[in-house]
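Participant: So the protein sequences, as listed, match chains X and A.
Count along the first sequence from 1, then add 1452; that gives the number in this note's numbering.
Count along the second sequence from 1, then add 11; that gives the number in this note's numbering.
Derived by calculation from the structure, the hints in this document are not laboratory data.
Hints should not be assumed to be uniformly reliable.
[Claimed, not checked] Here's a subset of chain A near chain X, in silico, CB distances under 7 Å, partners left out:
1) Leu59
2) Glu60
3) Val63
4) Glu93
5) His101
6) Gly106
7) Gly109
8) Arg110
Being a predicted model, the structure only gives us computed values, none of them experimental.
For each residue, glycine too, the CB sits at the ideal point set by N, CA and C.
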Amino acid sequence: MAAGGFFTQALVYLTAAILGVLVAKRIGLGSVLGYLLAGVAIGPAVLGFVGAEGSDVMHFAEFGVVLMLFLIGLELQPSLLWRMRSAILGLGGLQVVVSTVAIAAIGMAWGLAWQVALAVGLSLSLSSTAIVLQTLQEKKLMRTDAGQSAFAVLLFQDVAVIPMLALFPLLATLPRHVEEGHAPGDAGWVSTLPPWGETLVVLGAVSAIVLVGRFLVRPFLRAIARTRVRELFIAAALLLVVGIALLMDSVGLSPALGTFLAGVVLANSEYRHALESDIEPFKGLLLGLFFISVGASIDFRMIAQQPGTVAGLVALLIAVKWLVLLLLGRLFRMGLDQNLLFAFALAQAGEFAFVLFAFAIQDGVVPVDVASLSIAVVAISMATTPLLLLFYERIVRPRVGTRESAPRRADEVVEVNPVIIAGFGDFGNIVGRLLRANGIGTTVLEDDSDRVELLRRLGFKVFYGDASRLELLQAAGAAEAKLLVIALDDLQRTHQMVKSVKQEFPHLRILVRAQGRVDAYELLESGVERVYRQTLDSSLTLGVDALRMLGFRAVQAHRAAATFRQHDENDLRELASMRHDRPAYLSRARQLIAQLEELLQSEVRDSGPVDDSAWDAESLRREFSEKSA
Amino acid sequence: MTDAHRKILVLFAHPALQKSRVNRALIRGLDVMDGVTFHDLYERYPRLEIDVRHEQELLLQHDIVVLQHPFYWYSTPAILKEYQDLVLEHGWAYGREGRALRGKILLNALTAGGSEEVYCAQGRNRYTVRRLLAPIEQTASLCGMRYLAPFVVHGTHALDAAEIELHRRDYHRLLEALRDDRVDLDAAARATHVNADIDAIVRTHTH
């Protein structure tokens, strides 16, 4: 592709994306709908900026789905995945089987041969992972009962694609339709193997991902992180995903599934949040591109030829899938509001249908006219999903009411810690250990990869990454946390972090470690309420010991330190405001120091914050001697 | 609510509130009760470094002082003793010029593990709670304060939630009555404990 052509295309897609989402958001629709409408607008039907290459773009953009599954895997620890097994196999399995049977039955009633009807049923039983997850995430519904169940079903569908592809050649009734076999899943050399060989290759690829993820990726990422060149880490993250996708593709497995698996394997690693935050923007853009290409691919000419049929089929498809989902949700004891959400979310057909129909044509299973009609139905049903969810949200839910029985499964997908600690040197370490010893979960971020490695070996759950980056904080759960402890060595980054956190996560209470007095001044000035000078407590403790060694009573030394501490904290705040006026600052500082010394030396300490004059009152002695005189 | 109401300062002392059932129930809602200042001493001074001037200021602003605490070794938890030692200064609370607390009312509100029967001359503890509180009663007397019989919740280990709730109601009723001047102070001063027969001490209407 010529550079000029590339830039022109980029211009068209980016402009469409920005305008589409901007407008959609402004009128209260989700970003997915914005992308889809943008796609329709630039597609052949309306403006015609993009045409034949639309499907190429879609293939490229499918990589966004792959990235999304990787990110989802990263958030899902193996143990959590295991806990979801009954939902995945039971609910997911039943959904695919029952929907397939229902759709195939309708197809046969329509007059299709059973083989064709079955292939159509299988293809249409799948839902759109991309649209559903993106929309649910945007609406923050992933943690609900319905969100979890939808996710389980989608996961099963992703796996189910593989046996479906294997089944298609057996259903062929027409001559093979040979075209460019460029679609993913075209595992040329593997399909020449005998069945046991194929199984072996597939198993080998899956175990390779698990083993490599477990033993090789972490040292590799550590070596990259040590260079402290950020883009190198991003490149490594992308390389990882691309590599896995290619491997899976070459053995005929779904790349999305492979990266999902890799994500799960890496979910416990220290690079989880760093990978998340680096890949997130790529995922977002590619997924957007994917939705645009779905919009652009809707064949309006065909729809125009038989608008009634297409509309009727879309309605029928959605109604059948919706009903099946509703019944299954019932069977799995979902609350009514959750069950409805679940049904509305998954009622469309998905992007896998495009792939499956391409194969169905190629393998001679489905005639071209049935397939292209189905593809149009799929694309439109995908586009209706955001609208259906909007309908659920605005019209259905207010009537049903939210009956979410406590977010009991809330913690299944993401572990949410109330405290984030940025910087896990000696200081952050003690804070973290104290909290952990009291049963408080902390998410720790540290950008020295060697230290991360050491701490992990000591059993601390530390994540690699530059905590002053907003995306990383986001990935670490800043939106749900309550406290943020900043113990970074770099004051500049601390400032930057305080500023951005105050803006983006105003609910977070910030506690900042300051190296010394000057740092503390600056932090106070920038509006941080809780500033902790790291040397204050230990130097006072040492001072107390010194006083005791010189013959002071322990209580006296201790209370003197307490008085000192309170005064010094108050003075710090007063002086912080005047430190720019050097002469005034110095004279006031001298004055305050003298005041404190005077106070500590005076016999009757009646103005100090830690006043113990009543323990041995001079006045009492005087009054007594006056009486007896 | 008119200004005529008396202001109550609850000095609350419990070093392990997270484990307490009864005291946690008793204080529930005190922080929003009209005319009551709820002051959690261990929360404010975890290191027992009491801000004497601040505490004296608070005492001056109130008419009735309630020391609420569990009964530890026949007395208060340590911080209340520290408080008395430091805040009730000579020349301020007592002594020739010490008049700051004159005319104010003082009472204890306490929870005890032992039943009422063990706190009597024949019982295992040999003295009534009221008699064991003699040092505080005398402190009140030296400072010119009027001492009322303590509000006592006996046998805390055996109480169920419903019984605790009844005590909470009695306690809050007493505080409201004190605030609104609906307590027969003479009767309250004579009793062994103020909640022995709370109906006899609290009047329903202001006279």
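Participant: List, from low to high, the hint numbers that the structure doesn't satisfy.
Facilitator: 1, 4, 7, 8
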